[in-house]
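If you want the building blocks of each chain, they are given just below.
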Amino acid sequence: MDDYIRPVDSAYSVRTDRIVTLLFAFLCFVCFLPVLLVFIVSFSSQQSVTQEGYSFFPNSFSLEAYRYLVASGVYLAGALGNSVLITLSATIVGLILMCPMAYSLSRTEYRLRNALLVFIMIPMLFSGGLVSNYMVYTQIFHLQNTYIALIVPGLCSTWYILIMRNYFRESVPDSLIEAAKLDGCSHFKILTRIVLPLSKPVIMTVAVFQIFLYWNSWYPSLLYIDSNHTELYPLQYVLVNMNRSIDTITRDAQYFSGMQSYTPPAVTIRMAMVVVVILPVMLLFPFFQRFLKTGMAVGSVKG
Amino acid sequence: MFKRKKPKQHAGFRKETWQLTLLAVPAAVWYCLFCYLPMFGVVFAFKNFKARPGEGLFKNLFVNSPWVGLDNFSFLIRSSDMPDIMFNTLFYNVVFLITGIVIPVFLAILLTEVHGRTFSGMVQMILLLPYFLSWVIVGYCLYGFLATDEGQINHVLKIFGAQAVQWYQSPQYWRGILIGIGIWKSMGYSMIIYMCAITAIDRSLYESAALDGAGFFDRVFNITLPQLRTTITTIFILNIGSILTSDFGLFYQVPLDSNSLQPVTQTLDVYVYKALMQQANFSYSSAASFLQSSVGCLLLIISYLIINRMNRDDA
Numbered sequence: 289m290d291d292y293i294r295p296v297d298s299a300y301s302v303r304t305d306r307i308v309t310l311l312f313a314f315l316c317f318v319c320f321l322p323v324l325l326v327f328i329v330s331f332s333s334q335q336s337v338t339q340e341g342y343s344f345f346p347n348s349f350s351l352e353a354y355r356y357l358v359a360s361g362v363y364l365a366g367a368l369g370n371s372v373l374i375t376l377s378a379t380i381v382g383l384i385l386m387c388p389m390a391y392s393l394s395r396t397e398y399r400l401r402n403a404l405l406v407f408i409m410i411p412m413l414f415s416g417g418l419v420s421n422y423m424v425y426t427q428i429f430h431l432q433n434t435y436i437a438l439i440v441p442g443l444c445s446t447w448y449i450l451i452m453r454n455y456f457r458e459s460v461p462d463s464l465i466e467a468a469k470l471d472g473c474s475h476f477k478i479l480t481r482i483v484l485p486l487s488k489p490v491i492m493t494v495a496v497f498q499i500f501l502y503w504n505s506w507y508p509s510l511l512y513i514d515s516n517h518t519e520l521y522p523l524q525y526v527l528v529n530m531n532r533s534i535d536t537i538t539r540d541a542q543y544f545s546g547m548q549s550y551t552p553p554a555v556t557i558r559m560a561m562v563v564v565v566i567l568p569v570m571l572l573f574p575f576f577q578r579f580l581k582t583g584m585a586v587g588s589v590k591g
Numbered sequence: 002m003f004k005r006k007k008p009k010q011h012a013g014f015r016k017e018t019w020q021l022t023l024l025a026v027p028a029a030v031w032y033c034l035f036c037y038l039p040m041f042g043v044v045f046a047f048k049n050f051k052a053r054p055g056e057g058l059f060k061n062l063f064v065n066s067p068w069v070g071l072d073n074f075s076f077l078i079r080s081s082d083m084p085d086i087m088f089n090t091l092f093y094n095v096v097f098l099i100t101g102i103v104i105p106v107f108l109a110i111l112l113t114e115v116h117g118r119t120f121s122g123m124v125q126m127i128l129l130l131p132y133f134l135s136w137v138i139v140g141y142c143l144y145g146f147l148a149t150d151e152g153q154i155n156h157v158l159k160i161f162g163a164q165a166v167q168w169y170q171s172p173q174y175w176r177g178i179l180i181g182i183g184i185w186k187s188m189g190y191s192m193i194i195y196m197c198a199i200t201a202i203d204r205s206l207y208e209s210a211a212l213d214g215a216g217f218f219d220r221v222f223n224i225t226l227p228q229l230r231t232t233i234t235t236i237f238i239l240n241i242g243s244i245l246t247s248d249f250g251l252f253y254q255v256p257l258d259s260n261s262l263q264p265v266t267q268t269l270d271v272y273v274y275k276a277l278m279q280q281a282n283f284s285y286s287s288a289a290s291f292l293q294s295s296v297g298c299l300l301l302i303i304s305y306l307i308i309n310r311m312n313r314d315d316a
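Protein sequences, first through last, are from chains A and B. For the first sequence, position 133 (counting from the first letter as 1) is numbered 421 according to this note's numbering, and the numbering increases by one without interruption. For the second sequence, position 166 (counting from the first letter as 1) is numbered 167 according to this note's numbering, and the numbering increases by one without interruption.
Okay, chain A solo, but in the shape it has when bound (with noise of 0.2 Å):
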């Protein structure tokens, strides 16, 4: 995968090289700015965003805002827990749904694959639309103000399903199986005891897409929790509500900690959340691109 063009084969002469990195140079640039504009204004002082709006380079830096969202304590940490739940459980159970599927398609003695595979990519053509889906939803399956209603939609999906069926056949050798089979395996035992092991690679990929999907969702939430459950907010809905996500904090850290005597930096309070939802994005960030890129070649090759 890492085997990219050695100088000798490239293409470019030394200056070409240097005109096309300074090009990706900027580009990188530019695709950081934005993140690097929220990072500075967090930090920086409410009188210098008064003066100075929000500035790459504020005249004086402070954690005011931090303060506050650390004093507030209890609305941002329920949200942030609220996220973690959802996104683990979600990552996990969707796994524990999807492998055996993939694993069972992926079994060409198995006789109802072709039906099955049929049955997984159909919704992929057509689905039912929002409106039908929000009445299943609330009115059959009454998840409105639930958790279950921010984990369910997505945790299955065809195209993990068949980047998992197309690794499970590739990869893991067949005789293998075969011998376990011999020895009286059954189809689970060989799942749990061969297959899974065998394919870590694959499976990382998907969880890893799995957690950047729930960590970013917040559209379930603006369908299904209404604002008299805030205890159920995921931390990117707080975001979404966030004049009255400010309000909130600065109420409950002025009536924690008593810091009443000048107005709350409701500016800079509104990028450093942004900085709290980015931040575990961007530390996890380069631990898990290796395995995003395994899922996009694969995802390429198969189209």
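Please keep in mind that the hints were generated in silico from the structure rather than gathered at the bench. Only true hints are included.
For each label pair, taking beta carbons as the anchor points, the in silico distance ranges come out as:
1. L34(B) <-> K488(A): 25 to 31 Å
2. F344(A) <-> P54(B): 54 to 60 Å
3. F344(A) <-> K51(B): 53 to 59 Å
Please read these numbers as outputs of a predicted model, since none were measured by experiment. Glycine included, every Cβ here is placed at the ideal spot set by N, Cα and C.
Start from chain A and add chain B according to the hints.
Okay, now just chain B, sitting in the frame of chain A:
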């Protein structure tokens, strides 16, 4: 011996099928409950939905609500903001369809030839980052630049003595902004997909081309692009299938749901959401989303057939 073995194998097959089916059941149940069950909801689009309190959804939908045929669709199409909505949806999708292929392919070709490997890895990582930020985050990052009082851009404008712009009230800029943000977010991801496809190309092709005196552009147009054709067409087909579907977050959350921006930001998805959640207009909302998924499904199949045919003719 043959006679004795056959029935045994048959029994073994049965047991295997049974076991494998059992393994597939949990996911299949999920598919039934959350993908197939909502599919009956296409009926909403052809009914005038009237809910009587205290009665089940199915009774309300199938018994209590009268059939209205295609009325929902004709009302929907005749409603005053529909032309704008349809135009926006198609406009942004066509733009993203083109830029989403041209720019990443261009960047992927440029980046694969860069000498520094570590540099290339760093670039990929940084360009990929926006893809894994949610639209909510992207919305606030943009807010840092565009906020009327504190925004970085208005601040710079002030330094140059220009008038501050009320960005969130000025629809004329937002087509450009939304397209830019859309490209910014997905560029790295698509680029890496194409890079993976490029690294899968047989290196000896390039070597022999270089021996024959082919320059960089000859190689790109005669080797890289033709080899990327499968990947490009696959992604093209998939995107054609969502021609009426737009990224809800981009058009709802990034403009912070500003009312004065609606003429340029409202797409079908935003309409479907608003008709359902803000106006509780089940019929229009479901008619619109039925339109989305059926048109998408049709286009997907048609373009798949056409491209399949073209490939066969070429071969």
